[in-house]
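Asks: Below are the chains, spelled out letter by letter.
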Amino acid sequence: MKYLLTLAVLLLPLSAFAARLVGDGFSIELPQGWESRQGVMDVPLMARPPQASDAEGWGQDLLTVTVEKADKRRTCLEGFTQRKLKEFAYHASQFEKLEELPLELQGRVATLLTLRYREGPRELMAYVLILDAGNRFLTATVTSSPARFEFQRAKFRSAVESLRPASTRSKKR
Amino acid sequence: MNRLYTPISTLAVLGLSAGLLTACGDSAPISLPTTPVPGTPAPTPIATPKVRFIAFGDAGRGNENQNAVGAAMAQLCKLKGCDFGIETGDNFYEVGVTSVTDTQWQTAFELPYKDLNIPIYPALGNHDNADTDVGEGANNAKGNFQVDYTTSPGSSGKWKMPARYHAFTAPLSAAATPLIEFFVLDSSPLAATLPNPAETEYNYLTYGPTQLQWFQTALMASKAKWTVAFSHHPYISNGEHGNAGNFDGAGMFPVGTTDGQPWKDLMDESACAMGLDFHIFGHDHDLEWLKPVASCNAKTEFILSGAGSDVRAFGDATLNPAYFQQDLAQGFFWFEVTATSFTGEMHVLKDLKLQVDAAGQPMPMFTRTVTK
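Here the protein sequences come in this chain order: C and H.
Residue numbering for the first sequence follows the working numbering, starting at 225 and increasing by one per position.
Residue numbering for the second sequence follows the working numbering, starting at 393 and increasing by one per position.
The shape of chain H in the complex, shown without the other chains (with noise of 0.2 Å):
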């Protein structure tokens, strides 16, 4: 996206006010002139450092569900800005795309954001790279075909998949400070329900560990004031599939990836280990701010986004202790991030509408701030 660094006292002098920097979710520092330009209105204050982003997922049904979503969405996006959204994966349902000229790309993207002009980053979901409508996670190929949409010709060049796990800084100009550090990770090989785990074709036995050192790597590099990990599993959930190690209760009789523990492995050698702020994820399709757990540092915060489209009651709703979490309504998350503090704002449709007051200004359900 080209987005408009245009210094404040550019815009004094055009008669604009510094008010349109922030309707358009600008949060790049702005340095003033220590010099007043004679007949120009006194100095604006330095804007503080700020990222608003979305996050939302499990979408990828080019149905009403989706489409609701995604205008309200936009709404939002135009009411409170948004530099980016983030998307917790099974982009396309029930077996991926099958090229980059796949018929859903328009039906189940492009169509239903059309008024979300901003960056979407995605994370890939069991549902990306499946055969067979159960999303067994069988055929990476198909979650390659993502990756490939971020360069081809007919993208309108929102999607942003540049490989199928990958990092990324906010703000997105590459001048600013880095305020957040994005860990993109592809769970679903870690996470599959194959049909033959002992198939060595879907071998996760090696793309684990080398993601792994990838990721710790990376984290342990981090010069951003936050770290947020986004994938489509959960490390816990209340949800159906309920939390990595007994995804679906699989942990009694464990083979392969079916019951998620290499996948947890992954996170506790890594997000875990390390202290990692957010983790945002998908897979159970509905909405969750799950407190810290021992398991995971006691500091992790664990933010589910998986109602995008079509929805599901919990699974085990005191499973992990929750700050909120809400069932069987469509919804997403938006988040406002400075230096020192990280608020999270959880938006639940009402009739497939985003909820605001008589002013008309969004009502959120929840609302969190974690400071630092």
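Only chain C is shown next, with the shape it has when bound in the complex (with noise of 0.2 Å):
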């Protein structure tokens, strides 16, 4: 009994989140009970909760990861970040950079950046995980409402942070 009750509280935090998925370049741990599309719209991964048990998460929660190409020598983490963080306000209104965070995940550097935005009619709340993978930068994008972001924070993170870079598939279209 007490070996079980030790190796559940071991798994606990496990639990939390689902298997790795691994994409076109990319594999990331989706929070438990999440559902994802790839291709749709050239993403190559979208993600959030199911509609049937969580219609709230569905309509307000959104992790997507992109795969860029990049040309190291004329870019490099932080001058990537700059861009995505000019990507992003080009498309929102109110644009606030409320952190930028400097990782390092497993021997590759990562920038984690904390923004606040609106767009169309939404107020939202992101944490964008950017990796350098050598030859390319992966991106790992989670959205939410501001009070539904405050609340989740930890299981966001948790997402994005485990992006990692895979092997590549030849390109769909």
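No lab work stands behind these hints: they were computed from the structure.
Computed cross-link-like contacts, SDA-like style, restricted to lysine to any residue with a CA-CA straight-line distance of at most 20 Å:
no.: 1; chain 1: C; residue 1: K310; chain 2: H; residue 2: N531
no.: 2; chain 1: C; residue 1: K310; chain 2: H; residue 2: D523
no.: 3; chain 1: C; residue 1: K310; chain 2: H; residue 2: A533
no.: 4; chain 1: C; residue 1: K310; chain 2: H; residue 2: E528
no.: 5; chain 1: H; residue 1: K472; chain 2: H; residue 2: A751
no.: 6; chain 1: C; residue 1: K310; chain 2: H; residue 2: L586
no.: 7; chain 1: H; residue 1: K615; chain 2: C; residue 2: P345
no.: 8; chain 1: C; residue 1: K310; chain 2: H; residue 2: F537
no.: 9; chain 1: H; residue 1: K615; chain 2: C; residue 2: A276
no.: 10; chain 1: C; residue 1: K321; chain 2: H; residue 2: A533
no.: 11; chain 1: H; residue 1: K470; chain 2: H; residue 2: E502
no.: 12; chain 1: H; residue 1: K615; chain 2: C; residue 2: E280
no.: 13; chain 1: C; residue 1: K321; chain 2: C; residue 2: E385
no.: 14; chain 1: H; residue 1: K615; chain 2: C; residue 2: Q275
no.: 15; chain 1: H; residue 1: K615; chain 2: C; residue 2: W282
Partial pick of chain H residues on the chain C-facing surface, computed with a CB cut under 8 Å:
no.: 16; residue: A555
no.: 17; residue: R556
no.: 18; residue: Y557
no.: 19; residue: H558
no.: 20; residue: Y594
no.: 21; residue: P601
no.: 22; residue: T602
no.: 23; residue: W606
no.: 24; residue: E661
Every residue, glycine too, gets a C-beta built ideally from N, C-alpha and C.
Reconstruct the complex from the two isolated chains, following the hints.
Replies: As structure tokens, then:
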């Protein structure tokens, strides 16, 4: 019984996350139960809670992963991060960068941005994790309403920080 | 717009006819007193809630053609009633506006529609976000000026674009039960002809999913009898640009958003998957009412209203089956919607004038009613 209890406690932090999902050029651990689509609107991965069991989460929480090539003679992580900030601001209003954290994930440098902005009729908060994967940059973004974002910060941050490079496939279109 | 909601009994006491209500295009449900006031005429039957609106697009040239369509719409609204208008993008050619005080606000909006005293809800088009005459869509900041004009002190108050994408319900009175919910979509970032699609400055890869999520959620939550999305870019069109996924024949060489595939994906995942009633759009400069297609739930009807100023010939008039279509002539649509019917009239100008009969009544080129 004691052994089982110890095992359960050890597994508890992992239980909030499903198995690692491997996509085209990346892998990531999604929050448990989240459903994903690959390739819609050219986006390598879109994921969110299932509509049937969490309608509010389905309508508010969203994780995307993008994979973008980089000419490393011209672009470093810092430069790419600036481009990403510009890209988010381009489509947004009332744009604020709340935090920028340098990270190292299994030996690869990364930047974690915390953003707040308005897009369309919605106010959004976002974690944007940009990972230097050699000849490309991987970006995991999770967005939600500010209230839901604050409530789920730990889960969202764990998800984006689980982003890792993987082998690439040929381009679909 | 401040609209008049006067109970019919009050009008009767004042000796005014109930006809005044329909003439001003009011759509609010009207309650009658249960006990008639002595000495007053018999109660008029309860009015059926009704919404009337016009749809026009690709208009913003500030030229004779735009002025003529503006005058024709004002004439029609005076005769048949309009609660508001929707504009399907390319509100300012060729490269949008550069501020909320740009002179085009007067020449291509306020003056052409000076006699159209109703709110106008515009969508953004590729030329509204452009730096070059081709309307490449690489300057979203210009579109943001159109959002800002909604609350600008210089505006007449007609312009209603609270955000790049948003929703509103009609009747416009917040107290009324919605008959229609409109979803105003920002298609341009998902269908732009960018000089360098790989340039992350214009990256739609996050904007697309968040707009899709909002649209799906709003569509799912809608309690309106009818759902209507409007945008600049088509899902299908027999005009020069063609169908999304192969805009301008770019489907053979797909790069980024040029062929409109990301925009098609958004529509497939939302409007088509969830059974939207109508999609109204522009981009091509003609008038079309297209039949539902199997690739989009075989139910959604597609209405192209892009003949608000300069016009063009069809690209391939047989590409998609149409109920009716008209090229090479200015025009617009007028709609009347109740809880059970959605009627649209295509008005085509002749010699830049609204076509009317001998009695001065408007003569639509085509009329179609969809019932529920």
